[in-house]
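*Asks:* Modelling step: build the complete structure from the supplied sequences, incorporating the hints.
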Amino acid sequence: MTMLAARLRSCFVVLVLVAGSVIPAAAEQKAGQADITDFTLANGMQVVVIPDRRAPIVTHMVWYKVGSADEPPGKSGIAHFFEHLMFKATKTYPEGAFDKAIAAIGGSNNAFTSYDYTAFYETVPPAALGEMMAFEADRMRNLILDDKTIVTERDVILEERRARVDNDPGSLLEEEVDATLWQNQPYRIPVIGWKQEIEKLDRADALTFYDHYYRPNNAILVVAGDVDAETVRALAEKSYGKLERGPDLPPRIRPVEPEQNSRRTVTLTDARVGEPSFSTQWVVPSYHTAKPGEAEALDLLSEILGGGPRSRLYQELVVRKKIATSAGASFQGNMLDDTNFAVYAEPRDGNSVADVEAAANAEVARIATGGVTEEELDRAKDRFIRSTVFARDRQDAMANMYGATLATGGTIEDITGWPDRIAKVTADQIKTAAARYLVPDRSVTGYLLPKTQVAN
Amino acid sequence: MEAAPKPFHARLVLGVATLFLSAFFLILPALSARAAVAIQEVKSDKGVTAWLVEDYTVPIVAVRFAFDGGSTQDPPGKEGLANLMTGLFDEGAGDLDSDAFQTSLDDAGAEMSFNETRDAVYGSMRMLAERKDKAFDLLRLAVQHPRFDKAPIDRIRAQIVAGIVSGERDPDTVAARKWAEAIYGGHPYSRSGQGTKESVASLTAEDLHALHKALFARGGLHVAVVGAIDAATLKRKLDEVFGDLPAEPALQAVPDAELKLGQRLEVNYDRPQTSLQLAWPGVPRDAPEFYAAALMNEILGGGTFTSRLFKEVRDKRGLAYSISSGLMNSEHSSSLVIGTATRSDRAAETLAVIRDVVKGMAGQGPTEEELAAAKAYTVGAYAINNLDSSASIASTLVELQIEGLGIDYMQRRAGYIDAVTLDEVKAVARKLLSVDPAVMVVGPPLPDGSKG
Numbered sequence: 001m002t003m004l005a006a007r008l009r010s011c012f013v014v015l016v017l018v019a020g021s022v023i024p025a026a027a028e029q030k031a032g033q034a035d036i037t038d039f040t041l042a043n044g045m046q047v048v049v050i051p052d053r054r055a056p057i058v059t060h061m062v063w064y065k066v067g068s069a070d071e072p073p074g075k076s077g078i079a080h081f082f083e084h085l086m087f088k089a090t091k092t093y094p095e096g097a098f099d100k101a102i103a104a105i106g107g108s109n110n111a112f113t114s115y116d117y118t119a120f121y122e123t124v125p126p127a128a129l130g131e132m133m134a135f136e137a138d139r140m141r142n143l144i145l146d147d148k149t150i151v152t153e154r155d156v157i158l159e160e161r162r163a164r165v166d167n168d169p170g171s172l173l174e175e176e177v178d179a180t181l182w183q184n185q186p187y188r189i190p191v192i193g194w195k196q197e198i199e200k201l202d203r204a205d206a207l208t209f210y211d212h213y214y215r216p217n218n219a220i221l222v223v224a225g226d227v228d229a230e231t232v233r234a235l236a237e238k239s240y241g242k243l244e245r246g247p248d249l250p251p252r253i254r255p256v257e258p259e260q261n262s263r264r265t266v267t268l269t270d271a272r273v274g275e276p277s278f279s280t281q282w283v284v285p286s287y288h289t290a291k292p293g294e295a296e297a298l299d300l301l302s303e304i305l306g307g308g309p310r311s312r313l314y315q316e317l318v319v320r321k322k323i324a325t326s327a328g329a330s331f332q333g334n335m336l337d338d339t340n341f342a343v344y345a346e347p348r349d350g351n352s353v354a355d356v357e358a359a360a361n362a363e364v365a366r367i368a369t370g371g372v373t374e375e376e377l378d379r380a381k382d383r384f385i386r387s388t389v390f391a392r393d394r395q396d397a398m399a400n401m402y403g404a405t406l407a408t409g410g411t412i413e414d415i416t417g418w419p420d421r422i423a424k425v426t427a428d429q430i431k432t433a434a435a436r437y438l439v440p441d442r443s444v445t446g447y448l449l450p451k452t453q454v455a456n
Numbered sequence: 001m002e003a004a005p006k007p008f009h010a011r012l013v014l015g016v017a018t019l020f021l022s023a024f025f026l027i028l029p030a031l032s033a034r035a036a037v038a039i040q041e042v043k044s045d046k047g048v049t050a051w052l053v054e055d056y057t058v059p060i061v062a063v064r065f066a067f068d069g070g071s072t073q074d075p076p077g078k079e080g081l082a083n084l085m086t087g088l089f090d091e092g093a094g095d096l097d098s099d100a101f102q103t104s105l106d107d108a109g110a111e112m113s114f115n116e117t118r119d120a121v122y123g124s125m126r127m128l129a130e131r132k133d134k135a136f137d138l139l140r141l142a143v144q145h146p147r148f149d150k151a152p153i154d155r156i157r158a159q160i161v162a163g164i165v166s167g168e169r170d171p172d173t174v175a176a177r178k179w180a181e182a183i184y185g186g187h188p189y190s191r192s193g194q195g196t197k198e199s200v201a202s203l204t205a206e207d208l209h210a211l212h213k214a215l216f217a218r219g220g221l222h223v224a225v226v227g228a229i230d231a232a233t234l235k236r237k238l239d240e241v242f243g244d245l246p247a248e249p250a251l252q253a254v255p256d257a258e259l260k261l262g263q264r265l266e267v268n269y270d271r272p273q274t275s276l277q278l279a280w281p282g283v284p285r286d287a288p289e290f291y292a293a294a295l296m297n298e299i300l301g302g303g304t305f306t307s308r309l310f311k312e313v314r315d316k317r318g319l320a321y322s323i324s325s326g327l328m329n330s331e332h333s334s335s336l337v338i339g340t341a342t343r344s345d346r347a348a349e350t351l352a353v354i355r356d357v358v359k360g361m362a363g364q365g366p367t368e369e370e371l372a373a374a375k376a377y378t379v380g381a382y383a384i385n386n387l388d389s390s391a392s393i394a395s396t397l398v399e400l401q402i403e404g405l406g407i408d409y410m411q412r413r414a415g416y417i418d419a420v421t422l423d424e425v426k427a428v429a430r431k432l433l434s435v436d437p438a439v440m441v442v443g444p445p446l447p448d449g450s451k452g
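Protein sequence lines correspond, in order, to chains A and B. When we follow the UniProt record's numbering, the leftmost residue of the first sequence carries the number 1, and every step to the right adds one. When we follow the UniProt record's numbering, the leftmost residue of the second sequence carries the number 1, and every step to the right adds one.
These are computed hints drawn from the structure, not numbers from a lab. Remember, predicted model here, so these are calculated numbers, not experimental data. Heads up, a few of these hints could be off.
Stated by the list, open to error - Pairs of lysine-lysine residues, derived as PhoX-like cross-links and limited to a Cα-Cα distance of at most 20 Å, are as follows:
no.: 1; chain 1: A; residue 1: K431; chain 2: A; residue 2: K291
no.: 2; chain 1: B; residue 1: K431; chain 2: B; residue 2: K260
no.: 3; chain 1: B; residue 1: K150; chain 2: B; residue 2: K78
no.: 4; chain 1: B; residue 1: K197; chain 2: B; residue 2: K78
no.: 5; chain 1: B; residue 1: K235; chain 2: B; residue 2: K134
no.: 6; chain 1: B; residue 1: K316; chain 2: A; residue 2: K148
no.: 7; chain 1: B; residue 1: K150; chain 2: B; residue 2: K213
no.: 8; chain 1: A; residue 1: K100; chain 2: B; residue 2: K316
no.: 9; chain 1: A; residue 1: K322; chain 2: B; residue 2: K150
no.: 10; chain 1: A; residue 1: K148; chain 2: A; residue 2: K200
no.: 11; chain 1: B; residue 1: K197; chain 2: A; residue 2: K322
no.: 12; chain 1: B; residue 1: K311; chain 2: A; residue 2: K100
no.: 13; chain 1: B; residue 1: K359; chain 2: B; residue 2: K426
no.: 14; chain 1: B; residue 1: K311; chain 2: A; residue 2: K148
no.: 15; chain 1: A; residue 1: K291; chain 2: A; residue 2: K424
no.: 16; chain 1: A; residue 1: K148; chain 2: A; residue 2: K91
no.: 17; chain 1: B; residue 1: K150; chain 2: A; residue 2: K321
no.: 18; chain 1: B; residue 1: K359; chain 2: B; residue 2: K431
no.: 19; chain 1: B; residue 1: K78; chain 2: B; residue 2: K213
no.: 20; chain 1: B; residue 1: K43; chain 2: B; residue 2: K235
no.: 21; chain 1: B; residue 1: K46; chain 2: B; residue 2: K235
To be verified - What follows is a list of derived Cβ distance ranges for each label pair:
no.: 22; chain 1: B; residue 1: V165; chain 2: A; residue 2: G74; range: 36 to 44 Å
no.: 23; chain 1: B; residue 1: E266; chain 2: A; residue 2: P73; range: 41 to 49 Å
no.: 24; chain 1: A; residue 1: A365; chain 2: B; residue 2: A250; range: 49 to 57 Å
no.: 25; chain 1: B; residue 1: G360; chain 2: A; residue 2: T152; range: 16 to 24 Å
no.: 26; chain 1: A; residue 1: V151; chain 2: B; residue 2: K178; range: 34 to 42 Å
no.: 27; chain 1: A; residue 1: S352; chain 2: B; residue 2: D97; range: 28 to 36 Å
no.: 28; chain 1: A; residue 1: E257; chain 2: B; residue 2: P272; range: 27 to 35 Å
As the list claims (entries may be wrong) - Among chain A residues calculated to face chain B with C-beta under 10 Å, some are:
no.: 29; residue: I57
no.: 30; residue: I102
no.: 31; residue: I105
no.: 32; residue: V124
no.: 33; residue: E153
no.: 34; residue: R162
no.: 35; residue: D166
no.: 36; residue: R272
no.: 37; residue: P309
no.: 38; residue: V319
no.: 39; residue: R348
no.: 40; residue: R379
For every residue, glycine included, the Cβ atom is placed at its ideal position computed from N, Cα and C.
*Replies:* Here is the structure:
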């Protein structure tokens with residue numbers, strides 16, 4: 001698992017791994033365990049408190065229910081660009097004052113943007129929680145943006161795009177695969193944005209985006225760590241609670257996929273690629289769009305088919321047939337709209353990509369027609385359930401899980417009830433999910449090839 | 001439910017330098033005076049010592065250990081041996097072949113991983129407290145009786161070779177190899193821990209058994225355990241897992257490295273972004289000016305968004321997404337390294353800005369205000385950076401043992417930092433940063449005028 005990822009240097013495969021189920025880490029919070037509290041401020045801001053009193057550390061996060069998939073046409077990258085601009089001067093504080101205050105107490109901070117959300121966080125000693133909230137509440141409404149700041153930070157983003165995408169053939173292919181898999185859904189556009197659109201983003205775009213989305217009624221506060229719910233409530237009322245509620249935002253209804261009826265392939269040949277690899281993707285429902293039990297079945301399917309060295313793909317392709325150096329599967333369940341399911345492998349010792357792909361497809365077909373065994377299912381469930389115990393060891397992981405779930409249309413009950421729902425999945429549901437969704441004629445396969453090799 | 005898909009962070013504090021050098025990063029020690037971690041020293045009947053933090057909040061146990069002697073112990077021509085070995089501990093041990101071992105590990109609800117650095121071989125395990133007996137027993141087998149069967153050797157070897165082949169085409173990986181050779185010359189640190197295609201092809205089960213026997217001994221062992229286990233139980237487990245290992249390892253002596261600075265390396269590729277890496281002398285962990293150097297580095301380009309390099313290169317000029325400096329401490333070398341990646345058409349300008357910031361630090365040093373802020377950060381950040389989960393506490397405790405800092409180090413640390421004076425920081429800045437650095441440029445050739 002970790003061992004495998006550490007050993008494989010192919011950018012493509014590693015990226016797929018990162019994008020996939022890093023760990024199906026839902027948190028189990030049965031009676032008597034850490035008490036999760038949630039409430040809503042008068043201005044509509046949701047609050048979740050996850051106590052963890054083991055160390056004098058608290059993780060403070062604000063999640064905005066806006067991501068790259070909410071961007072207006074032609075403005076790709078604005079969500080991520082705006083996230084960067086949140087670190088600039090406000091009416092109250094000069095640029096850098098927040099960073100300085102965090103550094104002065106040994107804290108750490110950052111922010112991230114994804115398709116469905118944008119989040120800002122600080123990890124600090126508990127005594128600083130009120131100060132963090134004051135800064136975070138301030139920049140939700142009081143940012144000042146001048147043209148010089150916009151232009152300089154836009155250069156930083158373009159540099160970030162070069163570092164993450166242009167310098168990495170695996171990332172370049174991933175962009176092209178996404179743009180092919182999604183024929184209509186906004187997930188077809190990269191989170192960081194297309195270069196030519198980033199270059200044109202300006203102050204007006206940023207201000208429009210800010211006014212629209214950075215409002216308490218579009219935000220979720222998640223606090224995990226050495227603090228109790230009543231303290232969080234009192235501090236939040238004094239800071240975030242003072243902010244005026246913004247206009248109601250319309251429901252997040254985006255373009256959805258038409259029926260897909262073709263098998264597509266995307267090939268990138270690049271001199272920087274050492275070993276060939278491929279990844280096949282399908283459109284599948286997410287936890288938010290699935291019928292009851294279907295996303296849980298897809299999650300377990302991904303684990304049994306390709307979740308680490310005990311999986312069918314690894315055992316068949318890597319261990320038994322010895323035709324691949326790596327093989328696996330991933331399911332990205334925490335998305336607001338339909339999501340993707342991927343199967344990937346890297347050939348070993350000159351085996352052709354076509355042969356390895358055929359062997360991987362055969363494993364997919366074997367589950368779609370023959371299903372999985374009860375033993376495989378029980379083991380996969382056990383791994384998922386124990387991951388919820390291990391997850392409780394990391395307060396930042398817990399905070400991320402609650403934030404990401406709530407920002408993609410889920411509820412706290414969705415998280416606390418996850419182990420029970422996983423336990424109920426039957427072998428038949430997994431077979432049905434594979435047969436229904438992992439259809440070769442409705443897929444996209446990406447090939448990452450060295451300059452000398454061509455796809456079959 | 002899963003973590004988010006590939007989010008984009010606002011800032012990447014550790015940039016290109018970490019790609020090259022993360023394995024050599026010293027865990028910069030720092031600690032909040034408030035972080036009350038109660039560490040017990042547990043000594044087993046057979047003389048195995050571990051540091052234990054008992055905590056029953058979450059029903060898990062995290063184990064971390066290290067054996068002295070990492071990839072520097074690979075015999076000449078057998079580069080990559082320690083790396084291959086660390087891929088095989090969960091691939092069969094005792095009576096269990098690879099399949100049986102991994103099935104048992106899965107039954108035990110435990111996760112096991114090994115890795116090596118230049119100076120040590122590390123093992124980690126996390127387990128559910130209720131199934132710890134079975135998990136510890138598998139760890140005992142892995143540590144004492146690894147099988148090194150042919151099929152798993154060949155499989156893991158193929159994965160490593162695939163990684164080497166990929167690296168040969170990747171500009172930054174190629175550059176990192178050239179950099180290590182240029183900086184370390186004939187020292188073992190210049191060799192690739194991963195090995196070469198040829199060296200990895202030559203590795204045998206006998207080589208693996210010989211290295212295992214040489215390294216896995218009680219004398220070079222450091223252990224930390226965190227979680228739901230008491231001292232009496234741990235004592236028994238320590239003897240089961242480690243008690244029957246040889247008393248002392250058989251390590252090849254490794255000399256201290258003399259860094260070859262004052263040189264310039266261009267690795268030319270036509271690409272839109274250029275990586276820059278610069279190295280100056282560092283300070284050994286046990287040198288009197290270590291804390292002064294750590295504070296100076298923090299101000300120059302350390303772990304916050306307030307450093308001089310971050311402000312000048314990124315905030316003011318938008319020249320890079322990531323820019324940072326770090327003290328790189330290994331057992332036999334120390335250096336101060338700055339790394340960034342910048343648009344190729346302005347790489348010369350970025351390099352000039354970096355040189356200018358460094359010159360300012362070497363000449364005038366930091367201000368009182370900067371030093372006070374760096375001290376506050378360094379004291380406060382320890383708990384947050386090093387003690388935020390059972391696994392990270394265990395990892396931190398093993399590093400403290402390796403560095404010989406003592407079980408009460410966390411209580412003393414803030415005092416060492418507070419005692420550093422402005423003059424000491426200025427002196428160490430002048431001493432380190434006045435030296436002509438090694439500079440590496442990975443990208444299109446820079447214009448001639450910028451060769452300075």
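*Asks:* Against the structure shown, which of the earlier numbered hints fail to hold, in ascending order?
*Replies:* Failing hints: none at all.
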